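As given, the protein sequences belong to chains A and B, one line each in that order. One point on numbering: in my numbering, the residue at position 111 of the first sequence is 111, and numbering is uninterrupted. One point on numbering: in my numbering, the residue at position 161 of the second sequence is 161, and numbering is uninterrupted.
Just so you know, not all the hints are guaranteed correct.
Pair ranges (Cβ atoms, derived) [to be verified]:
{"#": "1", "chain 1": "B", "residue 1": "Lys-332", "chain 2": "A", "residue 2": "Asp-107", "range": "36 to 46 Å"}
{"#": "2", "chain 1": "A", "residue 1": "Glu-213", "chain 2": "B", "residue 2": "Phe-433", "range": "38 to 48 Å"}
{"#": "3", "chain 1": "A", "residue 1": "Asp-443", "chain 2": "B", "residue 2": "Gly-143", "range": "53 to 63 Å"}
{"#": "4", "chain 1": "A", "residue 1": "Gly-393", "chain 2": "B", "residue 2": "His-306", "range": "32 to 42 Å"}
The calculated lysine-lysine pairs, modelled on DSS-like cross-linking and capped at a C-alpha distance of 30 Å, are [what the hints assert, rightly or not]:
{"#": "5", "chain 1": "A", "residue 1": "Lys-445", "chain 2": "A", "residue 2": "Lys-398"}
{"#": "6", "chain 1": "B", "residue 1": "Lys-423", "chain 2": "B", "residue 2": "Lys-398"}
{"#": "7", "chain 1": "A", "residue 1": "Lys-243", "chain 2": "B", "residue 2": "Lys-158"}
{"#": "8", "chain 1": "A", "residue 1": "Lys-332", "chain 2": "A", "residue 2": "Lys-62"}
{"#": "9", "chain 1": "B", "residue 1": "Lys-51", "chain 2": "B", "residue 2": "Lys-398"}
{"#": "10", "chain 1": "B", "residue 1": "Lys-311", "chain 2": "B", "residue 2": "Lys-214"}
{"#": "11", "chain 1": "B", "residue 1": "Lys-311", "chain 2": "A", "residue 2": "Lys-243"}
{"#": "12", "chain 1": "B", "residue 1": "Lys-311", "chain 2": "A", "residue 2": "Lys-398"}
{"#": "13", "chain 1": "A", "residue 1": "Lys-332", "chain 2": "A", "residue 2": "Lys-498"}
{"#": "14", "chain 1": "A", "residue 1": "Lys-445", "chain 2": "A", "residue 2": "Lys-457"}
{"#": "15", "chain 1": "A", "residue 1": "Lys-332", "chain 2": "A", "residue 2": "Lys-445"}
{"#": "16", "chain 1": "A", "residue 1": "Lys-428", "chain 2": "A", "residue 2": "Lys-445"}
{"#": "17", "chain 1": "A", "residue 1": "Lys-311", "chain 2": "A", "residue 2": "Lys-62"}
{"#": "18", "chain 1": "A", "residue 1": "Lys-445", "chain 2": "A", "residue 2": "Lys-432"}
{"#": "19", "chain 1": "B", "residue 1": "Lys-243", "chain 2": "A", "residue 2": "Lys-311"}
{"#": "20", "chain 1": "A", "residue 1": "Lys-398", "chain 2": "A", "residue 2": "Lys-428"}
{"#": "21", "chain 1": "A", "residue 1": "Lys-311", "chain 2": "B", "residue 2": "Lys-457"}
{"#": "22", "chain 1": "A", "residue 1": "Lys-432", "chain 2": "A", "residue 2": "Lys-62"}
{"#": "23", "chain 1": "A", "residue 1": "Lys-214", "chain 2": "B", "residue 2": "Lys-457"}
{"#": "24", "chain 1": "A", "residue 1": "Lys-243", "chain 2": "B", "residue 2": "Lys-498"}
{"#": "25", "chain 1": "A", "residue 1": "Lys-332", "chain 2": "A", "residue 2": "Lys-398"}
{"#": "26", "chain 1": "A", "residue 1": "Lys-457", "chain 2": "B", "residue 2": "Lys-214"}
{"#": "27", "chain 1": "B", "residue 1": "Lys-332", "chain 2": "B", "residue 2": "Lys-428"}
{"#": "28", "chain 1": "A", "residue 1": "Lys-524", "chain 2": "A", "residue 2": "Lys-62"}
{"#": "29", "chain 1": "A", "residue 1": "Lys-311", "chain 2": "B", "residue 2": "Lys-158"}
{"#": "30", "chain 1": "B", "residue 1": "Lys-243", "chain 2": "A", "residue 2": "Lys-243"}
{"#": "31", "chain 1": "A", "residue 1": "Lys-428", "chain 2": "A", "residue 2": "Lys-127"}
{"#": "32", "chain 1": "A", "residue 1": "Lys-243", "chain 2": "A", "residue 2": "Lys-311"}
{"#": "33", "chain 1": "B", "residue 1": "Lys-432", "chain 2": "B", "residue 2": "Lys-343"}
{"#": "34", "chain 1": "A", "residue 1": "Lys-214", "chain 2": "B", "residue 2": "Lys-311"}
{"#": "35", "chain 1": "A", "residue 1": "Lys-398", "chain 2": "B", "residue 2": "Lys-243"}
Partner residues aside, some chain B positions facing chain A, computed with beta carbon under 10 Å [unchecked claim]:
{"#": "36", "residue": "Thr-164"}
{"#": "37", "residue": "Thr-174"}
{"#": "38", "residue": "Gly-179"}
{"#": "39", "residue": "Val-189"}
{"#": "40", "residue": "Ala-219"}
By construction, these hints were calculated from the structure, which means they are not laboratory data. Just so you know, these numbers come straight off a predicted model, no measurement behind them. Think of the CB as a built atom: it goes at the ideal place given N, C-alpha and C, for glycine as much as any other residue.
Number of protein chains: 2
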Amino acid sequence: MKKINSLLALGATLTLGACTTTPQKPNIVFFLVDDYGWADSSVAYGEEVYKTNLRHDTPFQKLLSEQGAIMTNAYACPVSTPTRASLMTGMNASHMWVTNFTSPVRDLPSDGKYFVEPNAREVENPKFDRPLWNYNGISPVDGVENTCYATPLAQLLKDNGYFTICVGKGHWATPGTPGASPYNFGFVVNVSGNIAGRPGSYLSEDNYGNTAEKWTSHAVQNMTEYYGSGIHLTEALTREALKTLDYPISHNEPFYLYMSHHAVHTPIQGDDRFLQKYLERGMDEGQAKYASLVEGVDKSLGDIMHYLEQKGVAQNTIIIFMGDNGGNSITKQKGGEAHTQNKPLREGKGSCYEGGIRVPLLIKWPNQIQANTRLNTPVVCEDIFPTILSMAGIRSYKTVQAIDGEDLTKLLIDGSKYVSEQKFSTQKEATKFVIPQSISGLDPKRAIISNYPHRWKPSWNEDIDYMSSIRKGDWKLVYRMLSGTLELYNISEDIEEKNDVASQHEDIVRELALFLSEKFKEWKTPMPRLHSTLEEIPLPACIIRTK
Amino acid sequence: MKKINSLLALGATLTLGACTTTPQKPNIVFFLVDDYGWADSSVAYGEEVYKTNLRHDTPFQKLLSEQGAIMTNAYACPVSTPTRASLMTGMNASHMWVTNFTSPVRDLPSDGKYFVEPNAREVENPKFDRPLWNYNGISPVDGVENTCYATPLAQLLKDNGYFTICVGKGHWATPGTPGASPYNFGFVVNVSGNIAGRPGSYLSEDNYGNTAEKWTSHAVQNMTEYYGSGIHLTEALTREALKTLDYPISHNEPFYLYMSHHAVHTPIQGDDRFLQKYLERGMDEGQAKYASLVEGVDKSLGDIMHYLEQKGVAQNTIIIFMGDNGGNSITKQKGGEAHTQNKPLREGKGSCYEGGIRVPLLIKWPNQIQANTRLNTPVVCEDIFPTILSMAGIRSYKTVQAIDGEDLTKLLIDGSKYVSEQKFSTQKEATKFVIPQSISGLDPKRAIISNYPHRWKPSWNEDIDYMSSIRKGDWKLVYRMLSGTLELYNISEDIEEKNDVASQHEDIVRELALFLSEKFKEWKTPMPRLHSTLEEIPLPACIIRTK
């Protein structure tokens, strides 16, 4: 009888002509939202519920946060490509020399000469020459000029049996290089991922940018099915994603879905499913359109969660929800008042102030992460690479690059268990709680390094352009390259970065400045160059010494 | 010892976490070339080697033909979409009501008002109103207006465990309909297949049509990796195809590759790898460019064959090489003299004369089809659907449509064996040999029905526009709708269709006209309508009666 039962059990795992001989690996959905602010959702990542958290209805992020952990101190890079490259390589942007977004033209840096597109201006930079960064992005192939060559995450997953899927925005590299195609990074299926950093249009009426009048290289590819259908791009990409999951699920093969939404990047075009509601709440048109984009993305998350439940695989599927950089704080398209959208955080996309780099991060990992937990240890986008591989049970792998990120699985499993055993009476208390390294495996004072040695736009934005920062524990040093000054903030006490306390804590300034400088030296990070000599500007350590 | 051996044998079939429990299904490569003429290759499909066969070097088609069967009497539809739809549904174009190519705008027939594109002219047709055909193409979903709803071949293959891949041209439907996306037809992976019927450009210098100046809806999608690389589209699509094969081969899953080249359709832009050679042979520029496109496609076939060998799967892979309609005989881009390119066949693409519908077809099926055989039984594109399913061992399947095609596997297996046992002293003899139905399972006098109740271009082409035809055995009836006349040709004696013998064989004319009319009635095939009454023009049977 025992024998029969075990045969039956074996039979139950049989799928179309194949049986699994190893324990089922978990499926992984990595859900990335473009330019999504830390305070854009109703999930309160901070010590309190801010006014900004009340703007948008995001029930499915809320649900996800209740099923897993809220990572309250998660960081990404100030702009898109560096974060996306970091996710793919496990490296810090300054180590890859990919510190800015890639342009739609090979060998054309997106700084200095602003990128060549219809109506784009060519603007000379009167202050610095651009750093000698890898302006062609990352490459899975060696020898491509001005790229960082690395072994891609998707390739390692694919090589270990994962059915890897890319849907939506790519933006890892310039055209004409191998990094332009998700297939070269190890994706089995790609729906519309390529060199574009934003969508030509979100609207089916515009064929998502595919019309003779409106065409630019941002026109969204692979979407002809939806032209003129009234279906918003966010919904169209979601439907495509669900289609691609059919094969691995029906074949009982583990999948990795890189669901990379174009929303909520500019152009801020409303999602009609949700727009009216926000107008009725008194928002201006820009705000309401933005809010509808946000809720559209949330709906997409919900649809994917629902689909996984329906297919019976939700219990074996990890979901990671993340933003790729801070919310845009300067575009007029979002309505409202500029520089306020990410409050309480200072500034937004492009900046090394918290508004540019602190991002939403939620992780659901059934049976491993305790539900409804807050994990406050600082984490950063390059951690995702080793973490996902560890989650997938892939322990021995070789990469051509040295990985900068840390495996977060001990933090997620043991840390969330430890936290769940605590009693907190307020959100503030839960958000201040420090998990000891002995439990989480991670130093709560580990360094988080950010860097944007570029001017973002053809116009100047003084709290955005040419900055670096390092955070260790409560302290954060900000290096403003244009003025050659260093600022110090106690992030724990002053999340708004209002009170520069550098003059009161010269020892901390020195320690952080030296650490940051050493890292940049170790990585040979390209920095802006002086017009006069073409020499790189001084590192923070030199600024202290010359004081 | 025996036990250990069998365990070892079991182990040998283990792949990444999966073992096959059923016999390995054959892989299938369906290699489709656009607008590829019957005499465009060095494979001589006819009774002799014609001058036209000597124009282009196609060593890999030659090699393939030696490894399998040359189908000397293969037919497709006069234009692209009907053939492609027929391959996907197993239906005759006249049964689907998809008798013309789909336009790049939903609900806009490509006839009557010529399709709306920059520089396209809107031309009124002074003779007929367009037939009420399914101008939105085919659909895998019911209820889409002006489409033929059908169960797609790729879906059935996928449902039966195949890893299905679409690379290159789709062109099954208009934008905004489900048929626009290969994913909806059951493809697991799609590289660039969509609504486009031709490439914006073959050249990487033009980004394959993706530039602000040159953009049209034909711009080839999903190819940013190759922009500016100097790589011709044919080569780029080939490389993409090989990439997609990696997953199923390494997972030991059977695959179906629908390798659908844009070449050798207009625009006739040379493939620099081969161009110079043909210029040196004295071809004019158009001829040489066309020849280089032809050889580029042949190289692609060779590269795929080589890859399959390398990967050790060639012995379990069926390759079907086919053209989707006759070669273009009117474009000036191909150089030479118009109306001569498909000689000895009369006319070309769009026409129901042999030049428009007789196409190259080669089938390699290791261990099943005898190598180096010629199979002369007439076959037609709708046969591919049941044949591929039969090859894949898929016997019980349900389709919403009634299949018109015949399963060719008995012809291929038993027929080729029978033929290989014959002794032929000349190519002519081998090409005239008739395999009895008792051996092949197919009536050598089965009816082949073609229909093009449209005007192809805004200008008139009298041997192309508004024609139908039926072939049974040696005899072929041609219905010229504009003049309301019937022509009869003995194809076996007069492959050039020079001698209309209708007046000598009224009985045969009658028989064929009745048969064709009955089929059109059964299928309710839409025919052109008279301006005056909006009634459909008479069927061939009526023309005889009124004589």
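Structure-based check of each hint:
Lys-332/B and Asp-107/A have their C-beta atoms about 37 Å apart, which keeps the hinted 36 to 46 Å range intact. Distance hint check for Glu-213/A and Phe-433/B: the Cβ-Cβ separation is about 59 Å, which falls outside the suggested range of 38 to 48 Å. Between Asp-443/A and Gly-143/B, the C-beta spacing of about 60 Å keeps the proposed range 53 to 63 Å intact. Distance hint for Gly-393/A and His-306/B: a CB-CB separation of about 36 Å, consistent with the stated range 32 to 42 Å.
Between Lys-445/A and Lys-398/A the CA atoms are separated by roughly 28 Å; this keeps the pair inside 30 Å, and the hint holds. Distance check on the hinted pair: Lys-423/B and Lys-398/B sit about 42 Å apart at the alpha-carbon level, beyond 30 Å; violated. Only pairs whose Cα atoms come within 30 Å are accepted, and Lys-243/A paired with Lys-158/B is accepted, the gap being roughly 13 Å. Only pairs whose Cα atoms come within 30 Å are accepted, and Lys-332/A paired with Lys-62/A is accepted, the gap being roughly 28 Å.
Taking the CA atoms of Lys-51/B and Lys-398/B, the gap is about 46 Å. The hint is violated against a cut of 30 Å. Pair hint Lys-311/B plus Lys-214/B does not hold up; C-alpha atoms about 40 Å apart against a cutoff of 30 Å. A C-alpha spacing of about 29 Å is found between Lys-311/B and Lys-243/A, which places the hinted pair at or below 30 Å, so the restraint holds. Distance restraint check for Lys-311/B and Lys-398/A: the Cα-Cα separation of roughly 24 Å lies within the 30 Å cut-off, and the hinted pair is therefore satisfied.
Straight-line distance between C-alpha atoms of Lys-332/A and Lys-498/A comes to about 24 Å, which keeps the hinted pair within the 30 Å bound. Taking the CA atoms of Lys-445/A and Lys-457/A, the gap is near 33 Å; set against the 30 Å cutoff, the hint is violated. A threshold of 30 Å between alpha carbons decides the hint, and for Lys-332/A with Lys-445/A the separation of about 37 Å lies outside it, so the pair is violated. As the CA atoms of Lys-428/A and Lys-445/A are separated by approximately 19 Å, the hinted pair is consistent with the 30 Å bound.
Between the alpha carbons of Lys-311/A and Lys-62/A the distance comes to roughly 22 Å, so the proposed pair stays at or under 30 Å and holds. Simply put, Lys-445/A and Lys-432/A have alpha-carbon atoms about 13 Å apart, close enough for the 30 Å limit, and the pair holds. The hinted pair formed by Lys-243/B and Lys-311/A meets the criterion: a straight-line CA distance of about 29 Å does not exceed 30 Å. For a cut-off of 30 Å, the pair hint linking Lys-398/A to Lys-428/A is broken: about 42 Å separates their Cα positions.
Distance check on the hinted pair: Lys-311/A and Lys-457/B sit about 49 Å apart at the alpha-carbon level, beyond 30 Å; violated. This hinted pair checks out: Lys-432/A and Lys-62/A have alpha carbons roughly 20 Å apart, not beyond 30 Å. Proximity of Lys-214/A to Lys-457/B is assessed by CA-CA distance (about 28 Å); at most 30 Å being required, the pair is judged to hold. For the suggested pair Lys-243/A and Lys-498/B, the alpha carbons sit about 52 Å apart, so the restraint of at most 30 Å is broken.
Simply put, Lys-332/A and Lys-398/A have alpha-carbon atoms about 46 Å apart, too far for the 30 Å limit, and the pair is violated. Distance hint between Lys-457/A and Lys-214/B is fulfilled; the C-alpha atoms sit about 28 Å from each other, no more than 30 Å. Using a Cα cut-off of 30 Å, the hinted pair Lys-332/B and Lys-428/B is violated, with the two alpha carbons roughly 33 Å apart. Of the supplied pair hints, the one linking Lys-524/A and Lys-62/A is violated, its CA atoms being roughly 41 Å apart against a limit of 30 Å.
Of the pairs offered as hints, the one joining Lys-311/A and Lys-158/B holds, with about 18 Å between alpha carbons and a cut-off of 30 Å not exceeded. Under the criterion of a C-alpha separation no larger than 30 Å, the hint pairing Lys-243/B with Lys-243/A is consistent with the structure, at around 21 Å. Simply put, Lys-428/A and Lys-127/A have alpha-carbon atoms about 43 Å apart, too far for the 30 Å limit, and the pair is violated. Taking the CA atoms of Lys-243/A and Lys-311/A, the gap is near 12 Å; set against the 30 Å cutoff, the hint holds.
Using a Cα cut-off of 30 Å, the hinted pair Lys-432/B and Lys-343/B holds, with the two alpha carbons roughly 19 Å apart. A hinted pair counts as satisfied when its Cα atoms are at most 30 Å apart, and Lys-214/A with Lys-311/B does not qualify at roughly 44 Å. For the proposed pair Lys-398/A and Lys-243/B, the alpha carbon gap of about 21 Å is at most 30 Å, so the pair holds. At about 9 Å, the closest approach between the beta carbon of Thr-164/B and any beta carbon in chain A falls short of 10 Å, and the interface hint on this residue holds.
Contact between Thr-174/B and chain A, as hinted, is supported at the beta carbon level, the nearest pair being about 9 Å apart and thus within 10 Å. At about 8 Å, the closest approach between the beta carbon of Gly-179/B and any beta carbon in chain A falls short of 10 Å, and the interface hint on this residue holds. Interface restraint check: Val-189/B against chain A, minimum CB-CB distance 5 Å, threshold 10 Å, status holds. A hinted interface residue such as Ala-219/B counts as satisfied when its beta carbon comes closer than 10 Å to some beta carbon of chain A; here the least separation is about 8 Å, so the hint holds.
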